[in-house]
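J.: Start from chain A and add chain B according to the hints.
Here is what each chain is made of, one letter per residue.
There are 2 protein chains.
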Amino acid sequence: MAHDTTPFEARLRTVAEIVERRLEALLSDTPRAGEIARPARLMAAMRHAALAGGKRLRPFLAIEAARMLGCEGEAALRAGLAVELVHCYSLVHDDLPAMDDDDLRRGKPTVHKAYDDATAILAGDALLTLAFEVATEPADDVPGEVRAVLAAGLARASGLAGMVGGQMLDLAAEGRWGPRALAQADIRELQAMKTGALLAFSAQAGAIAAQASPEDEARLLAYGRALGAAFQIADDILDREATAEALGKAVGKDAGKGKGTLVDTLGIDGARAECDRLVEAAAAALAPYGARAEVLEQAARFTAARKA
Amino acid sequence: MAHDTTPFEARLRTVAEIVERRLEALLSDTPRAGEIARPARLMAAMRHAALAGGKRLRPFLAIEAARMLGCEGEAALRAGLAVELVHCYSLVHDDLPAMDDDDLRRGKPTVHKAYDDATAILAGDALLTLAFEVATEPADDVPGEVRAVLAAGLARASGLAGMVGGQMLDLAAEGRWGPRALAQADIRELQAMKTGALLAFSAQAGAIAAQASPEDEARLLAYGRALGAAFQIADDILDREATAEALGKAVGKDAGKGKGTLVDTLGIDGARAECDRLVEAAAAALAPYGARAEVLEQAARFTAARKA
Chain A
1 MAHDTTPFEA RLRTVAEIVE RRLEALLSDT PRAGEIARPA RLMAAMRHAA LAGGKRLRPF
61 LAIEAARMLG CEGEAALRAG LAVELVHCYS LVHDDLPAMD DDDLRRGKPT VHKAYDDATA
121 ILAGDALLTL AFEVATEPAD DVPGEVRAVL AAGLARASGL AGMVGGQMLD LAAEGRWGPR
181 ALAQADIREL QAMKTGALLA FSAQAGAIAA QASPEDEARL LAYGRALGAA FQIADDILDR
241 EATAEALGKA VGKDAGKGKG TLVDTLGIDG ARAECDRLVE AAAAALAPYG ARAEVLEQAA
301 RFTAARKA
Chain B
1 MAHDTTPFEA RLRTVAEIVE RRLEALLSDT PRAGEIARPA RLMAAMRHAA LAGGKRLRPF
61 LAIEAARMLG CEGEAALRAG LAVELVHCYS LVHDDLPAMD DDDLRRGKPT VHKAYDDATA
121 ILAGDALLTL AFEVATEPAD DVPGEVRAVL AAGLARASGL AGMVGGQMLD LAAEGRWGPR
181 ALAQADIREL QAMKTGALLA FSAQAGAIAA QASPEDEARL LAYGRALGAA FQIADDILDR
241 EATAEALGKA VGKDAGKGKG TLVDTLGIDG ARAECDRLVE AAAAALAPYG ARAEVLEQAA
301 RFTAARKA
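Respectively, the protein sequence lines represent chains A and B.
Under our numbering, read the first sequence as residues 1 to 308, first letter to last.
Under our numbering, read the second sequence as residues 1 to 308, first letter to last.
One chain only, chain A, in its complex shape (with noise of 0.2 Å):
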């Protein structure tokens, strides 16, 4: 797996692996101090949920804002955790029955699945409670007003108008609560929520946790809002054009539910240049930063470009 990767995709992967490890310490079995015990079936499930796979995508961003911007200590890595845990959790509670109802994921079965769906609920229920501690609990270098604006960022960017509510919105755009066509404006606003709002703030929280200017947080935010446009569209045209075995997941999901996507609106040339003007735009916010934005800009393209 190491040979024949660009320097990118090689920086991608040790961070992954960095996440990885922290993720694994954090599910252990092993009660912390303080703490009465671990369900051993709860925390199979959590990890089943958030260990061995997927790219980190979201901790990259915080990670690696945080480095272009002079962090490269606890509080990047505690940003970039917290944001990759909302991801982890969403993905088990949007597989279960009543929501999307998915056997496989990553090429593995879901967490309902694998276990039941009580216990994926529940698990679903603490990855996103974990998330909040791994935020706020005490460190020795990261000062309580960090910590505390890292977590209600996070919170905005996952809560009722962030990533819930759009699942809630794209729920509805199944037409499961009546009729409900959308117009391009509906789509896009559904697709900042549901996958824009936490890749945004993955960005921004690299440069909260960097305790850097308004300035530099407003340049972040919009670079990871252009980069969650173009993952978006990434992934709907990935949904019409990929194969199952190299997703991880079944394809062509949406279109047989007859959710729209911009594939239907701009069609795939359409989406396609769509996508190539929103990279160019994550590449522009972070102009000001010249060659050391390269990592990021990359990150935008991988974006784009990516095959699973």
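Think of the hints as simulated: they come from the structure by calculation, not from any bench.
Just to be clear, a hint being listed does not mean it is correct.
What follows is a list of derived Cβ distance ranges for each label pair [as the list claims (entries may be wrong)]: (1) B/Thr-6 with A/Gly-34: 33 to 43 Å; (2) B/Ala-218 with A/Arg-176: 41 to 51 Å; (3) A/Arg-176 with B/Gly-290: 53 to 63 Å; (4) B/Ala-33 with A/Gly-270: 24 to 34 Å; (5) A/Arg-21 with B/Gly-34: 26 to 36 Å.
Which chain A residues stay away from chain B? Per the calculated CB distances, all over 12 Å, these [stated by the list, open to error]: (6) Ala-16; (7) Cys-71; (8) Asp-103; (9) Glu-241.
These figures come from a predicted structure and were not determined experimentally.
Ideal Cβ placement from N, Cα and C applies to all residues, glycine included.
T.: Chain B alone, transformed into the frame defined by chain A:
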């Protein structure tokens, strides 16, 4: 309703009204600055879960503990709102068909009955996320360290080794993943996690909000743990003896599922005696505060003697 109540009950109601008003504002359909949209069905389900019901015992403990320690500001109210939002989310998820499968809660249809399972899962997720937003978002007179420590404590009390872990042990105690006979020690551990941890943290949160000494915080935690254990025994006695009409939810469910409770191992009279002993232990933990602890002592007695 306002006549023939004790001063304690009047105070409990006053705090409940303050909490209710703040929850109404938090759960408004109107997006806050920076929010893209608040999906109407999601907000309605969240309001169904969080408004118009409940004694608001947890915020009462946080607010009264802080008041006893000299803090009457926003920090204590924030702590109270955060623990209440976690409590409300946990009821929504626990009531789901995959979990305890309850149709009735406080005399109203549960969220998944009034809406549907997907909406209930997402409303719970959003309430949990909102709890951490409330705990951590910037406030003029609440230092970042206080907000971060409140959120970290809330996460530990409500996560994998706290409330969520306790619900997992409770489902296991039904025997759904294999035979499981609970010894008295197991029941106490389960209850300390499932209901005790959040109640205990509620009192502790008041001390954190008040920026009290570690000794004060430890006393409030000890008080909260005893109160939490008394609460659960009182709940088990009510489940055995009350009517569904008085409780506003189904009764006798634990016995029906063969779950062990302390009423089984101690008998009704033994359980009542244990409950009384715990109330005295709660009061004893607050002895250093003398008359200032009167409201919290009454809260412990109220918890043990409640009829619903």
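J.: Please settle this one: A/Glu-241 was flagged as non-interface, so is its CB more than 12 Å from every CB on chain B?
T.: 28 Å, holds
J.: Determine whether the non-interface label on A/Asp-103 survives the test: each CB of chain B must be over 12 Å from its CB.
T.: Holds, because the least Cβ-Cβ distance between A/Asp-103 and chain B comes to about 16 Å, which exceeds 12 Å.
J.: Cβ-Cβ distance between B/Thr-6 and A/Gly-34: within 33 to 43 Å?
T.: Between B/Thr-6 and A/Gly-34, where Cβ atoms are some 36 Å apart, the hint holds.
J.: For the pair B/Ala-218 and A/Arg-176, does the Cβ-Cβ distance stay inside 41 to 51 Å?
T.: For A/Arg-176 against B/Ala-218, whose Cβ atoms are near 50 Å apart, the range 41 to 51 Å holds.
J.: If I claimed the Cβ atoms of A/Arg-176 and B/Gly-290 lie 53 to 63 Å apart, would that claim hold in this structure?
T.: 59 Å, holds
J.: Can you tell me whether the CB distance of A/Arg-21 to B/Gly-34 sits inside 26 to 36 Å?
T.: 35 Å, holds
J.: Indicate whether the distance between the beta carbons of B/Ala-33 and A/Gly-270 respects the range 24 to 34 Å.
T.: 33 Å Cβ-Cβ, so the 24 to 34 Å window holds.
J.: For A/Cys-71, which was marked as not at the interface, is the minimum beta-carbon distance to chain B over 12 Å?
T.: Check passes; 17 Å lies beyond 12 Å.
J.: Against chain B, does A/Ala-16 keep a CB gap of more than 12 Å to every residue?
T.: 23 Å, holds
Of the numbered hints given earlier, the model fails none.
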